[in-house]
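Visitor: Protein chains in written order, with the working numbering: chain A, 1 to 250; chain B, 1 to 85; chain C, 1 to 85; chain D, 1 to 752.
Calculated directly from the structure, the hints in this document are not laboratory data. The model shown is predicted, which means the values in this text are computed figures rather than measured ones. Hints should not be assumed to be uniformly reliable.
[Said to hold, decoys possible] Only pairs whose alpha carbons sit at most 30 Å apart, straight line, appear in this in silico DSSO-like list of lysine-lysine: (1) A:Lys109 - B:Lys10; (2) B:Lys10 - C:Lys10; (3) B:Lys10 - B:Lys58; (4) B:Lys40 - C:Lys40; (5) C:Lys40 - D:Lys139; (6) B:Lys58 - B:Lys40; (7) C:Lys58 - B:Lys10; (8) C:Lys23 - B:Lys10; (9) B:Lys23 - D:Lys139; (10) C:Lys58 - C:Lys10; (11) C:Lys40 - C:Lys23; (12) A:Lys231 - A:Lys218; (13) C:Lys10 - A:Lys73; (14) B:Lys23 - C:Lys10; (15) B:Lys58 - C:Lys58; (16) C:Lys40 - A:Lys109; (17) A:Lys109 - D:Lys417; (18) B:Lys10 - C:Lys40; (19) A:Lys73 - B:Lys58.
[Unchecked claim] If you want the footprint, here are the derived chain A segments under chain D, 3+ residues with CB under 8 Å: (20) 12 to 19; (21) 101 to 112; (22) 132 to 140; (23) 189 to 201.
The beta carbon of each residue, even a glycine, is placed where N, CA and C say it ideally should be.
Now for the letters of each chain:
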Amino acid sequence: MKTGVVVFPGSNCDHDTYHVLKHVLGTDARFIWHGDAHLHDCDVIVLPGGFSYGDYLRTGAIARFSPVMQAVKEFARRGGFVLGICNGFQILQEAGLLPGAMLRNRGLKFICRPVDLRAERTDLAFTRAYEPGQVLRMPIAHNEGSFYVSPEELNHLERNGRVVLRYSSPSGEVCDAANPNGSLNNIAALINEEGNVMGMMPHPERASELCLGSEDGKGIFVSLLKAVESKNPRIQESKNGPRGLSFLNS
Amino acid sequence: MMLRVFVTLKPSVLDPQGMTIQKTLAGLGYSQVEEVRQGKYFEIRWAGDLSAREERDKVETIVARVLSNPVIEGYRIEWPQEIPA
Amino acid sequence: MMLRVFVTLKPSVLDPQGMTIQKTLAGLGYSQVEEVRQGKYFEIRWAGDLSAREERDKVETIVARVLSNPVIEGYRIEWPQEIPA
Amino acid sequence: MIPTDISPETISQHGLTPEEYQRICEILGRQPTFTELGIFSVMWSEHCSYKSSKIHLRRLPHQGPCVVQGPGENAGVVDIGDGLVAVFKIESHNHPSFIEPYQGAATGVGGIIRDIFTMGARPIALMDALHFGFIDDPKNRMILEGVVAGVGGYGNCIGIPTVGGQTVFSRHYANNPLVNVFCLGIARRDQIFYGRATGVGNPVIYVGARTGRDGIHGATMASEEFDERSEEKRPTVQVGDPFLEKLLLEACLEAMHSGLVVGIQDMGAAGLTCSTCEMGSRAGTGVEIELDRVPQREAGMTAYEIMLSESQERMLLVTREENEPKVLEIFTRWGLDAATIGRVTGDGMLRVLQSGTIVAEVPNRPLADGAPVYNRPMKRPAYLDEARAFGADLVAPPRDWEQAVIRMMSSPNLCRKRWIWEQYDHMVRTNTLVGPGADASILRLKGKERRLAISTDCNPRYCYLDPAAGARAAVAEACRNIVCSGGTPLAATNCLNFASPENPETMWQFSQTVDGIREACQALGTPITGGNVSFYNETNGIGVYPTPVIGMVGIVERESHITPAAFREAGDVVLLLGPEEVSLAGSEYLEVFHNRVEGVPVPVRLELEKRIESFLGNAVREGWVRSAHDCSEGGLLVTALESALLAYPRLGIELRISSPLMPHQALFGEGPSRVVLSAPEQNLQKLLDRAREMGVLLRPCGRVTSLKEVRVVYNDADILSVQVAAIFETWDRALESWLQAARMNETTDEHR
Ligand SMILES: Nc1ncnc2c1ncn2[C@@H]1O[C@H](COP(=O)(O)OP(=O)(O)O)[C@@H](O)[C@H]1O
Ligand SMILES: [Mg+2]
């Protein structure tokens, strides 16, 4: 399986995501430069976390104009799997691939800590490795993670089961005390209508190895791997990444 | 020419920064401050001729598409005085 | 009454945000954008009577001490129309 | 070049003495131009020239088998095996952080990161050592909030985790906060880069942010005491651009790893001046630059302003003629300004041209290294006798033990610093195996077996009461932290924060401190590979405590060696390792309960420290202990409690202590070289036997329990029994509560 991690100027979880895709899961992973207009036949595209363009103006606002985003949109339209993590989620929102926007955390501070998440949808290409209602532990690290949409849209999202993960207590109770940032309905992850584009604020790549404290995030990538394999059982040959990016692998 | 642009959160969107400022000020004894909403303010030096409608459309596009996010924000453009609104 | 406050970086202070926005817009083909400076904009609902000088002094204190950082920022207050500047 | 007449006033405004000015005239063989005067003033400032400290710093040990590069370059370099080196250094940004806390701290982070990648290393971790006045003063509270936001704002955005640090509160840091930032990077041993302008004729390339008028005189500012007039210096504040630095970092590493870079240096303090003359001086060459080619942010800047600007996120590099286009191409691809601004010459001069005329022409060597070296007068401080005479033993024990424990655990210095480190991304790059809140932080190197442990330490109270002993204690504690966590200390860097060197008492403290560091580093086998001196941390005659922050780097051989500070299993025996002798002198208890910083703290015995660390290291690596936590501020009870709190809400603790001392002396008294361990019962005998063999003291002093309760039995009397939850809550939330309370106070004091 071929996986691509998009590198925007200011992306800083690109290496981390690449590491999990390549070395923990053993997929044929590559970096995709923001200036590239095509996606090198990848089966899964990940928009990693970080501070694309410094998060200046608004989080994700400038990255959406990158040439690669045209390709990502086209890829998503054709049913390709796209995962946006943290800043990647914000970019997908700005690009119109996922609804809503992220406001500043209600505490007005950057928060970096592990949180508990209740899995609401485990029937998706992104989440089949989990049990319904399972509580997952993964870190968050963001300043703008307070999910907002209009009340009508929120209703629509809820009615259509578009919420994938919610901030919860360790026992899975969804309550205000477990809401780290003020997100509406404790929403931490969303899926698009077609089920092939997901955005999540928590960092699964930081919770994919036991030595880092949790393996709960690995299920996202494992699910995707299975989904791709069942869609396309042919195992593809690995090729080298695009020129000029090998230094990023240090 | 100098343009001024104001981007504000839509009235229905909660503004935690504004609320915190209001609370702080109330705490400091300024009970007159009933509400604070925080927005962004841009000063743009524009090299084109803004008396042309096309030029103004470009500005409008930039502000609507780049400087603000329609999901949560509204905006207002203040043209240089010599330009009609 | 509604007050408007603009807080801007002092002219010689670097504005990385504004510069990045300018570069982005230039990259999108808007070469007319010569410079962007980003500031803050506050809308304040004030319950007191701003025609009183004392009241206006209070606003000034708040803006100078709480809403802006005198080390790097300047500000401008826009009083409601009925109030003289 | 028109010689300007320079008045004595101009000279003193530039922080130069008449003698120094005379020396400049001798070097030049004429009077300097105004621009040249500016150039000398920044290079010969205390901050850049180390003129008061040099004579002492020479005494620091900087040799060892692991040392690849000692002091003298942008950062120290040590070999860590596997063909890799660790590149690390600590820097202060104290004065800027007082004037504008957010930007001051942020640009401090940016600066130290550049020092690391300048050497060809990829920065992998940051640590911050922060010292503030008590936060019930609104000013101190705002400095704390601004500094923490600034460290996070920069580090988070650039994507380098801030994995630990230290935070100290004392009234001696009101008006003079200390913001020290440590950065660690990794490079291949055969790909280290130096700040040397070699190769006559080679192009000199400017990369990164454009030059503006910011920070002009920043270096001289860091070399003066504050007074009321400091306010006037404010327009010089620099703003950091972490996004730009992220691009600069990637582009520089790409250029370096593509073999295109001959020499490279960041533009930090004294900007273009410092980078050009230092690179020339190190290589024995000259550098000629044309200011018209320097990318500029503002119109109409003078030569003086361009040369002295401290705009952030800029680097200077030297390449070979044939590689010039490739270098420029890389930076352009990363969206950065890059311009060839001059050449390396053979005449040893720094020559600056503007619009075709020479505006400055100064020999590099004396400019960079020829600043006067002062052997400033020293005098043992008058305060010492009185401060040390105190009979700390006379202090009465607390009446209510539960309240006493709560008060200690919620004191600003002992409470949990979660409020701070949750604002830092301490996980990005997914190498943080052990992050903030532990004795040492541990980072993995992906694909390698070895891990690195890092720690920053200093107890300024000890340093105040005895600078040499305090410095020894700081080095020992840093080493002990590494050993507790499962590592072996390797080498260190240091940031020496002091008041005015013009005060003989300060110089005495400084000299004593250097001696203390030297002795401890020699005894413990950890060379000093670099560091930073920050003088003039003094306002209206009141100076900071002597504060030598030690940044220690160690190696953890295997994952299984990593040992937490937290208790792990109910039923485990709790043990106290280390000497019996403790004292309330200079202790946290004395300050919290009596507001006194007095007495003679128990000095560390380095030979014993070494033996204890060797025993401890062995026990940890063998897996005989389940937890190990350094016993420092707050003494035995606080340390043991922390081990329980870190296991919250699973475990409790029962301590049984017998001692001839009064209970508060034994429980809150502080002493060196001590560690609280927990181990399974079946390892107890082994541990005790080994301790006896090695001649170190190890005493069982309680048990880890499943009761979620803290119980203390002292000389067979029950003195404390309280729920862990109650202590946890206050300890965990204290900092937030202090801040909250401070905000409430402001309402009443400031604005009424
Ligand atoms: N306390 C110290 N101990 C050892 N070396 C020091 C100490 N302080 C400074 N140095 C060394 O002096 C040199 C110059 O200091 P540095 O802080 O790098 O200047 P700059 O601020 O220009 O980077 C460095 O090599 C540094 O390691
Ligand atoms: Mg340096």
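Visitor: Taking only the CA atoms, is the gap from lysine 58 (chain C) to lysine 10 (chain B) under or equal to 30 Å?
Guide: 28 Å, holds
Visitor: Verify the proposed pairing of lysine 73 (chain A) with lysine 58 (chain B), using a straight-line Cα cut of 30 Å.
Guide: 25 Å, holds
Visitor: State whether the coverage of the stretch 132 to 140 of chain A by chain D holds or is violated, taking the criterion as 3 or more residues with Cβ-Cβ distances under 8 Å.
Guide: violated (count 1)
Visitor: Does lysine 58 (chain C) lie within 30 Å of lysine 58 (chain B) when you go C-alpha to C-alpha?
Guide: 40 Å, violated
Visitor: Could you grab the alpha-carbon distance between lysine 10 (chain C) and lysine 73 (chain A) and see if it respects the 30 Å cut-off?
Guide: 40 Å, violated
Visitor: With a cut-off of 30 Å on the C-alpha distance, tell me whether lysine 40 (chain B) and lysine 40 (chain C) pass.
Guide: Distance of about 5 Å is within 30 Å: holds.
Visitor: Does lysine 218 (chain A) lie within 30 Å of lysine 231 (chain A) when you go C-alpha to C-alpha?
Guide: 20 Å, holds
Visitor: For the pair supplied as a hint, lysine 23 (chain B) and lysine 139 (chain D), confirm whether the alpha-carbon distance does not exceed 30 Å.
Guide: 19 Å, holds
Visitor: Can you confirm whether the C-alpha distance between lysine 10 (chain B) and lysine 40 (chain C) stays at or below 30 Å?
Guide: Holds - the C-alpha atoms of lysine 40 (chain C) and lysine 10 (chain B) are around 16 Å apart, at most 30 Å.
Visitor: Measure nothing beyond the straight line between the CA atoms of lysine 58 (chain B) and lysine 40 (chain B); if it is 30 Å or shorter, mark the hint as holding.
Guide: Holds - the C-alpha atoms of lysine 40 (chain B) and lysine 58 (chain B) are around 20 Å apart, at most 30 Å.
Visitor: Count the residues of the stretch 189 to 201 of chain A with a beta-carbon closer than 8 Å to any beta-carbon of chain D: does the count reach three?
Guide: violated (count 0)
Visitor: Would the hint linking lysine 23 (chain B) and lysine 10 (chain C) be met if the CA-CA limit is 30 Å?
Guide: 27 Å, holds
Checked against the numbered hints given earlier, this structure breaks hints 13, 15, 22, 23; the rest are met.
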